[in-house]
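The whole structure should be built from the sequences, with the hints applied where relevant.
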Amino acid sequence: MEIKDWLKEALANLRRAGAEYADARYLDRVTESITVRNEQVAALSRNQDRGFGIRVLYRGSWGFAASAELAEPEVEAVAKRALEVAKASYLTQRRPVRLDDSSPYVDTYRTAFEVDPFAVPLDEKLELLFSALKILRFDPRVRMAEGTMRFFKTAKLFISSEGAELSQEFLESGAGIQATAIQNGEVQRRSYPNSFGGNFAAKGYEFIEFLKLVENAERTREEALALLAAEPCPARKTDLIIDSSQLGLQIHESCGHPSELDRALGMEISYAGGSFLTPDKLGKFRYGSEIVNIYADATIPSSIGSFGYDDEGVKAQRYPLIEAGLFVNYLTSRETAPLLGKRSGGAMRAASWSHIPLIRMVNINLEPGEEELSLEDLIADTEDGIFVSTNRSWSIDDLRLNFQFGCELAWEIKHGKRVRLLKNPLYTGITPQFWGSCDAICGKSEWRLWGLPNCGKGEPPQVMHVAHGAAPARFRDVEVGVRR
Amino acid sequence: MIGRERILESLKRLLKRLPGEQLELVYTGGRSDLTRYTRSEIHQNVSVENMQVYIRVSLGKRLGVVTVNTLEEGPLLEAAKQAVELARRQPENPYFEGFPEPAKYEETTTYFEATAEFTHRERAEVVKRIFREAEKLGFEVSGAFSTSAGEIAVLNSNGLEAYQPLTGAEISLVPVSSEGMGYAGAFSHDVTQIGFERLAARALERCSLNKAQKEIPLGQYDVILEPGCLAEVMNWLSLIAFRAQAFIEGTSFLAGRLGERSMGENITIYDSIHEPEAEGLPFDFQGFPKQRVTLIERGINRGVVFDLMSANQAKAKPTGHAGPPDSPYGPMPWNICLEPGDSSVEEMIASCGKGLLVTRFHYLNGFLDPKRAMMTGMTRYGTFLIENGRLKQAVKNLRWTESMLRAFSNVRAISREREVFSYGGAAGFAIMPAVYIEDFTFTGAQKEAITD
Numbered sequence: 000m001e002i003k004d005w006l007k008e009a010l011a012n013l014r015r016a017g018a019e020y021a022d023a024r025y026l027d028r029v030t031e032s033i034t035v036r037n038e039q040v041a042a043l044s045r046n047q048d049r050g051f052g053i054r055v056l057y058r059g060s061w062g063f064a065a066s067a068e069l070a071e072p073e074v075e076a077v078a079k080r081a082l083e084v085a086k087a088s089y090l091t092q093r094r095p096v097r098l099d100d101s102s103p104y105v106d107t108y109r110t111a112f113e114v115d116p117f118a119v120p121l122d123e124k125l126e127l128l129f130s131a132l133k134i135l136r137f138d139p140r141v142r143m144a145e146g147t148m149r150f151f152k153t154a155k156l157f158i159s160s161e162g163a164e165l166s167q168e169f170l171e172s173g174a175g176i177q178a179t180a181i182q183n184g185e186v187q188r189r190s191y192p193n194s195f196g197g198n199f200a201a202k203g204y205e206f207i208e209f210l211k212l213v214e215n216a217e218r219t220r221e222e223a224l225a226l227l228a229a230e231p232c233p234a235r236k237t238d239l240i241i242d243s244s245q246l247g248l249q250i251h252e253s254c255g256h257p258s259e260l261d262r263a264l265g266m267e268i269s270y271a272g273g274s275f276l277t278p279d280k281l282g283k284f285r286y287g288s289e290i291v292n293i294y295a296d297a298t299i300p301s302s303i304g305s306f307g308y309d310d311e312g313v314k315a316q317r318y319p320l321i322e323a324g325l326f327v328n329y330l331t332s333r334e335t336a337p338l339l340g341k342r343s344g345g346a347m348r349a350a351s352w353s354h355i356p357l358i359r360m361v362n363i364n365l366e367p368g369e370e371e372l373s374l375e376d377l378i379a380d381t382e383d384g385i386f387v388s389t390n391r392s393w394s395i396d397d398l399r400l401n402f403q404f405g406c407e408l409a410w411e412i413k414h415g416k417r418v419r420l421l422k423n424p425l426y427t428g429i430t431p432q433f434w435g436s437c438d439a440i441c442g443k444s445e446w447r448l449w450g451l452p453n454c455g456k457g458e459p460p461q462v463m464h465v466a467h468g469a470a471p472a473r474f475r476d477v478e479v480g481v482r483r
Numbered sequence: 000m001i002g003r004e005r006i007l008e009s010l011k012r013l014l015k016r017l018p019g020e021q022l023e024l025v026y027t028g029g030r031s032d033l034t035r036y037t038r039s040e041i042h043q044n045v046s047v048e049n050m051q052v053y054i055r056v057s058l059g060k061r062l063g064v065v066t067v068n069t070l071e072e073g074p075l076l077e078a079a080k081q082a083v084e085l086a087r088r089q090p091e092n093p094y095f096e097g098f099p100e101p102a103k104y105e106e107t108t109t110y111f112e113a114t115a116e117f118t119h120r121e122r123a124e125v126v127k128r129i130f131r132e133a134e135k136l137g138f139e140v141s142g143a144f145s146t147s148a149g150e151i152a153v154l155n156s157n158g159l160e161a162y163q164p165l166t167g168a169e170i171s172l173v174p175v176s177s178e179g180m181g182y183a184g185a186f187s188h189d190v191t192q193i194g195f196e197r198l199a200a201r202a203l204e205r206c207s208l209n210k211a212q213k214e215i216p217l218g219q220y221d222v223i224l225e226p227g228c229l230a231e232v233m234n235w236l237s238l239i240a241f242r243a244q245a246f247i248e249g250t251s252f253l254a255g256r257l258g259e260r261s262m263g264e265n266i267t268i269y270d271s272i273h274e275p276e277a278e279g280l281p282f283d284f285q286g287f288p289k290q291r292v293t294l295i296e297r298g299i300n301r302g303v304v305f306d307l308m309s310a311n312q313a314k315a316k317p318t319g320h321a322g323p324p325d326s327p328y329g330p331m332p333w334n335i336c337l338e339p340g341d342s343s344v345e346e347m348i349a350s351c352g353k354g355l356l357v358t359r360f361h362y363l364n365g366f367l368d369p370k371r372a373m374m375t376g377m378t379r380y381g382t383f384l385i386e387n388g389r390l391k392q393a394v395k396n397l398r399w400t401e402s403m404l405r406a407f408s409n410v411r412a413i414s415r416e417r418e419v420f421s422y423g424g425a426a427g428f429a430i431m432p433a434v435y436i437e438d439f440t441f442t443g444a445q446k447e448a449i450t451d
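Protein chains in written order, with numbering that gives the first Met the number 0: chain A, 0 to 483; chain B, 0 to 451.
Do not take every clue at face value.
As the list claims (entries may be wrong) - The list that follows gives simulated cross-link-like pairs (lysine-lysine, DSSO-like), each with its CA atoms no further than 30 Å apart:
1. A:K280 with B:K60
2. B:K395 with A:K133
3. A:K236 with A:K422
4. B:K135 with A:K86
5. B:K314 with A:K133
6. A:K283 with B:K446
7. B:K135 with A:K283
8. A:K280 with B:K314
As the list claims (entries may be wrong) - Computed Cβ-Cβ distance ranges for the label pairs, DEER-style:
9. A:K413 with B:E416: 47 to 57 Å
10. A:P95 with B:E105: 49 to 59 Å
11. B:G255 with A:A70: 27 to 37 Å
12. A:E38 with B:K391: 12 to 22 Å
13. B:E112 with A:P120: 44 to 54 Å
14. A:D115 with B:G255: 10 to 20 Å
15. B:E416 with A:E38: 42 to 52 Å
16. B:E77 with A:R58: 56 to 66 Å
17. A:G282 with B:E276: 43 to 53 Å
18. A:L338 with B:K391: 50 to 60 Å
19. B:Q290 with A:F137: 49 to 59 Å
20. A:E1 with B:E77: 46 to 56 Å
21. B:D341 with A:L227: 23 to 33 Å
22. A:E205 with B:Q290: 42 to 52 Å
Please keep in mind that the hints were generated in silico from the structure rather than gathered at the bench.
Here the structure is a predicted model, which is why all the values come from computation and not from measurement.
A virtual CB, placed ideally from N, CA and C, is assigned to each residue, including glycine.
Here you go:
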């Protein structure tokens with residue numbers, strides 16, 4: 000492979016020019032995106048994106064340059080530009096960057112899959128989506144039915160001046176459907192299996208078939224229609240049961256992001272924000288109740304938050320962020336981990352060849368409860384409360400403390416039973432108090448993994464594929480709705 | 000920058016290789032340099048050259064889109080063949096009636112040599128001077144300073160040919176003290192128009208004021224929102240209300256209500272490429288000439304933005320707001336503006352008996368109830384209690400939950416001065432004044448994390 004040789008030569012030249020470290024990534028990604036609305040194909044495209052990026056550490060300052068032009072002179076020019084950029088960074092240096100002593104690996108990694116989605120005829124994909132949409136549109140009050148499928152095939156090469164050489168191949172698939180019902184100025188949406196594009200996994204087309212979009216369309220439609228006639232969710236303090244997919248986003252916003260060490264160190268403060276989980280809290284801050292165990296796990300098979308090695312060449316790992324309610328670890332990089340006397344946790348990920356790696360979430364999962372408690376058991380055990388399902392809106396402050404989430408649907412629970420469907424539910428809280436009020440988590444059989452291909456961070460913005468596993472859980476005395 | 004001749008030549012060559020096909024080709028590309036800093040030190044610094052070539056093929060009313068990031072003839076031809084194959088397998092789109100015909104475009108100035116030639120070292124030197132100023136006050140500075148130079152070209156089989164170069168320079172300054180943060184930022188196509196010293200002074204002053212924040216009771220307050228708050232609100236209104244798809248589906252508050260009042264008489268929102276503060280691209284991603292579109296006129300719902308297909312669907316006139324050919328969002332306002340008023344932030348503060356001054360919003364979400372433009376978000380970088388016409392006290396960051404239709408029906412004053420914010424890179428912008436809104440609803444506050 001020519002590009003590998005050119006990149007190796009460029010890294011060697013950078014070392015000769017005085018850089019203490021350099022790495023290079025070449026990436027080739029094909030994406031297929033299908034959006035159908037009502038009877039139309041709203042968007043259907045294939046995208047091929049390839050290029051390379053070179054990152055260099057010069058006298059303790061970073062530089063990065065990247066280009067889509069795959070030619071030897073361009074590789075040389077980009078390497079020189081990365082060095083120029085690093086020299087510009089050096090002008091403001093206060094503390095030189097020092098990397099940890101993570102070992103360089105030479106290895107390969109590949110997603111396991113059964114059916115290559117890029118080999119599945121387009122007609123078949125469209126027929127599946129239109130069949131589901133036909134069921135959604137069976138009632139004319141469903142003014143808009145939407146179905147989406149997205150597939151990503153990525154080949155990635157990483158080499159470093161320390162001798163790392165890693166080839167990784169990823170395949171990711173996802174799909175979802177959504178019904179928007181409108182009547183008398185009321186708009187209600189219901190999505191399956193999740194809102195904002197559905198669910199995603201590091202699998203082939205077999206994952207699309209597993210989702211059973213057609214089989215779930217009728218229920219999705221009927222729930223959207225029922226919401227048109229539902230009462231608004233009243234504003235009050237009550238016990239809250241959160242379904243698995245919404246809990247995934249709750250983990251994402253209120254645990255995943257604040258556990259990123261770059262945020263905690265202020266590196267994102269002018270954009271995405273900081274973190275209330277400051278380093279002085281590590282190992283001693285009570286984040287949640289004793290039943291709350293949240294793990295970072297990049298090793299789960301078939302998840303879009305998994306990989307063999309991160310974009311600094313650090314091997315995928317599994318470790319707790321929250322253990323029995325205590326905050327015990329950050330997501331880290333080779334630059335940041337040594338600041339806490341540690342070695343990288345392998346969480347540096349770049350959205351493409353044209354971006355630098357940043358500390359990103361991998362799979363951030365809430366461990367299931369020890370007892371085999373089902374969602375229905377949990378509802379039966381709740382005297383007075385609200386059960387919410389599927390995210391509709393999300394917002395959290397710049398330290399990840401004050402959050403407000405909206406969901407598509409809620410059920411009022413009285414004496415252990417669902418008694419009334421409610422629309423427009425919102426709930427709000429302060430992160431540690433909220434997780435501190437968690438008194439029950441459903442068991443393994445209710446645990447699901449949710450792939451989110453749209454996590455944003457960084458400047459220029461990077462969109463990352465992450466995932467969250469969770470079983471439904473109950474939180475006591477949560478503020479539901481908006482009191483005016 | 001590749002240059003007009005080389006881009007057009009490559010695209011025309013592709014058109015010639017596929018003479019029987021109806022093709023639309025869009026090139027976007029260029030160089031983007033971005034310097035990020037935290038604690039008065041550059042910690043991320045990148046320089047990226049990239050391009051996208053969108054190839055859209057029509058076979059009658061069937062469309063296929065393939066995107067590649069190269070101008071090499073072989074991959075382009077292969078991508079075009081794939082687009083034909085995608086088109087062949089799709090159902091007909093009844094609203095597609097062909098690619099646009101050649102058109103004449105208004106002249107706008109979006110390219111400045113000084114921005115294109117700004118170096119990594121120059122960016123570092125600018126921020127280093129600002130770090131020194133901050134240090135005198137004991138503050139550290141975070142933020143980002145980017146410069147970019149790019150080109151967009153559109154060609155189609157009807158002979159349409161459009162080309163425009165553009166540059167962008169954007170800086171954000173967030174001074175951080177032991178007690179709080181401040182903010183100032185700017186965007187311009189021309190880097191020489193950014194007054195770095197003035198911006199730095201503003202950001203440092205705001206940081207100096209943002210200390211000893213107190214909690215205040217939640218509820219409704221008169222509020223003075225600085226322009227950055229409005230830019231974020233407008234981005235959400237564009238997504239949930241001012242674009243064709245939301246209008247056609249019926250989820251926009253304008254759907255079925257054109258000509259009706261949604262906001263106060265002093266609110267006019269429009270999309271325009273000719274503003275005193277900045278100019279925009281004169282054509283959209285299909286090469287259709289951009290029209291000035293009035294969205295809200297003196298509080299009355301007037302319209303949304305369309306491309307050719309959505310205009311056909313809605314039986315409306317196209318406005319020249321097509322997005323990239325692979326976008327699932329359809330046409331969007333790219334140059335959204337709120338008409339200025341005759342006030343100033345200082346006059347608004349002086350006229351306020353009791354209220355809040357908000358520097359920026361954070362993490363807005365407009366999906367709560369789009370028909371009522373119900374949104375939530377937090378305040379950031381300095382929220383201040385005003386009493387008897389004077390800033391009295393910094394307060395803790397607050398959560399607000401409010402209908403923007405209600406908020407824009409309660410606007411008491413709008414500033415003369417407006418600021419420019421980039422929107423989707425250098426190609427789009429929002430130009431916003433500051434506004435004084437009565438009875439804005441605050442529903443939560445940032446609390447301390449409790450430690451055992």
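Each hint tested on the structure:
{"no.": "1", "hint": "A:K280 with B:K60", "in the structure": "61 Å, violated"}
{"no.": "2", "hint": "B:K395 with A:K133", "in the structure": "50 Å, violated"}
{"no.": "3", "hint": "A:K236 with A:K422", "in the structure": "17 Å, holds"}
{"no.": "4", "hint": "B:K135 with A:K86", "in the structure": "25 Å, holds"}
{"no.": "5", "hint": "B:K314 with A:K133", "in the structure": "25 Å, holds"}
{"no.": "6", "hint": "A:K283 with B:K446", "in the structure": "19 Å, holds"}
{"no.": "7", "hint": "B:K135 with A:K283", "in the structure": "36 Å, violated"}
{"no.": "8", "hint": "A:K280 with B:K314", "in the structure": "60 Å, violated"}
{"no.": "9", "hint": "A:K413 with B:E416: 47 to 57 Å", "in the structure": "55 Å, holds"}
{"no.": "10", "hint": "A:P95 with B:E105: 49 to 59 Å", "in the structure": "51 Å, holds"}
{"no.": "11", "hint": "B:G255 with A:A70: 27 to 37 Å", "in the structure": "55 Å, violated"}
{"no.": "12", "hint": "A:E38 with B:K391: 12 to 22 Å", "in the structure": "59 Å, violated"}
{"no.": "13", "hint": "B:E112 with A:P120: 44 to 54 Å", "in the structure": "50 Å, holds"}
{"no.": "14", "hint": "A:D115 with B:G255: 10 to 20 Å", "in the structure": "45 Å, violated"}
{"no.": "15", "hint": "B:E416 with A:E38: 42 to 52 Å", "in the structure": "48 Å, holds"}
{"no.": "16", "hint": "B:E77 with A:R58: 56 to 66 Å", "in the structure": "44 Å, violated"}
{"no.": "17", "hint": "A:G282 with B:E276: 43 to 53 Å", "in the structure": "51 Å, holds"}
{"no.": "18", "hint": "A:L338 with B:K391: 50 to 60 Å", "in the structure": "39 Å, violated"}
{"no.": "19", "hint": "B:Q290 with A:F137: 49 to 59 Å", "in the structure": "39 Å, violated"}
{"no.": "20", "hint": "A:E1 with B:E77: 46 to 56 Å", "in the structure": "19 Å, violated"}
{"no.": "21", "hint": "B:D341 with A:L227: 23 to 33 Å", "in the structure": "44 Å, violated"}
{"no.": "22", "hint": "A:E205 with B:Q290: 42 to 52 Å", "in the structure": "48 Å, holds"}
In this structure, the earlier hints numbered 1, 2, 7, 8, 11, 12, 14, 16, 18, 19, 20 and 21 are contradicted, and the remaining ones agree with it.
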